[in-house]
Every structure is written in C-alpha cells, then in structure tokens.
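2 protein chains.
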Amino acid sequence: MTLKPWKTLARAKVLDYGKWLVIEKHTIELPDGRIIDDWPWVISPDYINVIAVTEDRRFMLFRQVKYCTDETSLAPVGGYLDPNENALDAAKRELFEETGYEAADWISLGQYCVDGNRGAGTAYLFLAQGAHQVAEPDADDLEEQELLFLDQAEVEQALLGGEFKVLSWATTVALALRVLDKAR
Amino acid sequence: MTLKPWKTLARAKVLDYGKWLVIEKHTIELPDGRIIDDWPWVISPDYINVIAVTEDRRFMLFRQVKYCTDETSLAPVGGYLDPNENALDAAKRELFEETGYEAADWISLGQYCVDGNRGAGTAYLFLAQGAHQVAEPDADDLEEQELLFLDQAEVEQALLGGEFKVLSWATTVALALRVLDKAR
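Those protein sequence lines, which keep their order, are chains A and B. Those letters in the first sequence? Residues 2 to 185, per the numbering used here, in order. Those letters in the second sequence? Residues 2 to 185, per the numbering used here, in order.
If you are wondering where the hints come from, they were derived from the structure by calculation, not from laboratory data. There may be inaccurate statements among the hints.
A pair holds if it fits inside one copy or across any two, identical chains being indistinguishable in the list.
Said to hold, decoys possible - Dumping the calculated DSSO-like pairs for lysine-lysine here, alpha-carbon to alpha-carbon at most 30 Å: (1) Lys-14 / Lys-183; (2) Lys-14 / Lys-26; (3) Lys-5 / Lys-183; (4) Lys-5 / Lys-93.
If you're wondering where the values come from, they're calculated on a predicted model, not measured in any experiment.
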C-alpha cells in the first residue's frame, strides 16, 4: 500500500502574534483528490525538553506551575529554540540557564510534530547524563519553580502517577526511562 | 516554597475556526504581580490515543501519513472527543470505528495539557488489552492508513527508532510499554 502525502496548494496568514504564534489557512489536496480550502495550521516555536541525570544518578526536575493547569506539576528542563538555533545547542543552553549544570553525555530521544494535523512546531527531546554544576542558575522564565533531585524509582512512580501534567514532559520522562532501562 | 497559579484577568476571542480551532488573547497576572496583556491561548479539541493489544498480544498500529510530516509514521488509534463525550467513551468509539475491535481491559495512561503555555486541548491516553474483532472498520478519517499487528519487541524498536513521528503517539506507546513491563 502506497501512502501519499497531502499537498499544500495555497497558504495565507490569518493571525500573527510574531514569534509566539502565527495561524495560517491552508488549501489542501488529499491523496484521493478532494480539496479542503480552510485547514487551520498553527506555527509556534520549536522547543526542547531535557531529562538531566547527575553524576550520582539523581534526576533533575522542577516543581512548577504552568498556565495550562492550576495544579503544580513536575517538569523537566525545557524551552523554545532561539531563531536558527540547533536543538541540541538549545537543550544545553536551557539546562545551563535553568540549573547552572552542564552534562557530559547527550542522547536524542527523537523529534516529534506536536500536533499531527495542525503542526504547532517540533518537540526535540533529550536525555543528558553526567550532569554537574558549573554555575548558579540564571533563568528568565516567567514561572516560579523549585529544583528537585529525585531517584529513578521516584521518577517512575511520579510518571505513572500522573505528576507530569504536560504532554511533552511525560513523553521525555517515559522515553528517557526506556533508554536507561535498555542500557542496564 | 508555595507555587501560585497564574490568574486570567480577561480573555477575548481573536480567531474562530469553530470546533477545530479558536484563538483567544488573555490578560494574565503572574504570581509576582506583573501583567501580560497579550498572551495567546489556543483552544482545540481534546483527543484520545489508544494502544490496543489483541488477545494474542499483538499491538494494533497504523501506518499512515499525517499533514505535519511528509513521511510515513506508525500511529496508534486516535481521534477527537465529540462534544460532551467522555474520554474513555471516545477511546472505545475510535477503536471500534477505526479497527472494528473491542477490548476487555482499559487502563488510563493519564491526561496531559498538549501545550503548557498555550493550552491546545487535553490528550487522554489509554492502553486497551484483550482486543478482539467484532465488526469491519468504519472510519471516516481523511488519512489513508494501513492496519498492522506488531509484537512488543517490534514496537519497542520502532519507538526508539523514531518511527512514531507525532508527540502524543510516542507518549502513548512509551507509557503503555512501561505499564506492560510493570505488570510482568
């Protein structure tokens, strides 16, 4: 079975919040020839998440509040790519800014469309091992957050207990644990 | 350390694609008292993804193309909640419509904000075991897709090989594998 991609026949900007959010309307041709002339498409910045594990095998996570939920959540390091910034460079920069740590070993956990239908950018996920402190944190994030050091059993329990409340955070943790399990 | 939620002081609709996408502009008060008066907020439908495993332990997955990527991807069952529909009901409905299967055992893999900053709906993820065919599939999805039956080793290899190209699909697979590992 040959699966054909959808064709974009035309695109027009319908809303512009600059680098944070642009909405386009696309005209699309499906593989069977049907035309859809009002397909909304979301352009938001690509971002990274990083599960950082210290040299003594502690997982660096934040307790923080995000606007999407009134509840406190556990969260990995994360942030948007700067314009023209490489994803791995962004991951190293965010780890350093948010925690003051650097890490010796970086493993990609993949790159993913955030919304299969609408786009909404690409999430680049990483596992960083051998993290060690080299400076004080210097984040300019809007959120209040508290840095925690958890062991692997605590992270596993938190993951299946629903304590990571944002999709990409759960993805990053679940994938990191798989890679670590495989390596044992 | 007490973490306070952000307060929404005002909201206004700035773009309306009906049930598929609404964009609002929010005025927000941060915990430190700062005001942000142009925070974009994305309202898109909540959705479900289901990893279905048959009675003989085969994972039901699709090979399909999504608009966000020109590449073919592996994908679990998925779809939007109908208005006022319960997430588990939507998951059972989508499994039935897309495959003609029902499943005996349903486990929630959690619910997640799709975008911690912008909203973009909630993803409800499920593992369904004991799936068995009761009818022919009757999906009205726009995508061409091919149903595959993979064993667990093939699914694990595909996950870490980046063959699930949409964020919530990788999340669902990674969480399902963790739950299945724990149960062994």
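Hints and how they fare:
no.: 1; hint: Lys-14 / Lys-183; result: neither (45 Å within a copy, 47 Å between copies)
no.: 2; hint: Lys-14 / Lys-26; result: both (6 Å within a copy, 17 Å between copies)
no.: 3; hint: Lys-5 / Lys-183; result: neither (35 Å within a copy, 38 Å between copies)
no.: 4; hint: Lys-5 / Lys-93; result: between (37 Å within a copy, 28 Å between copies)
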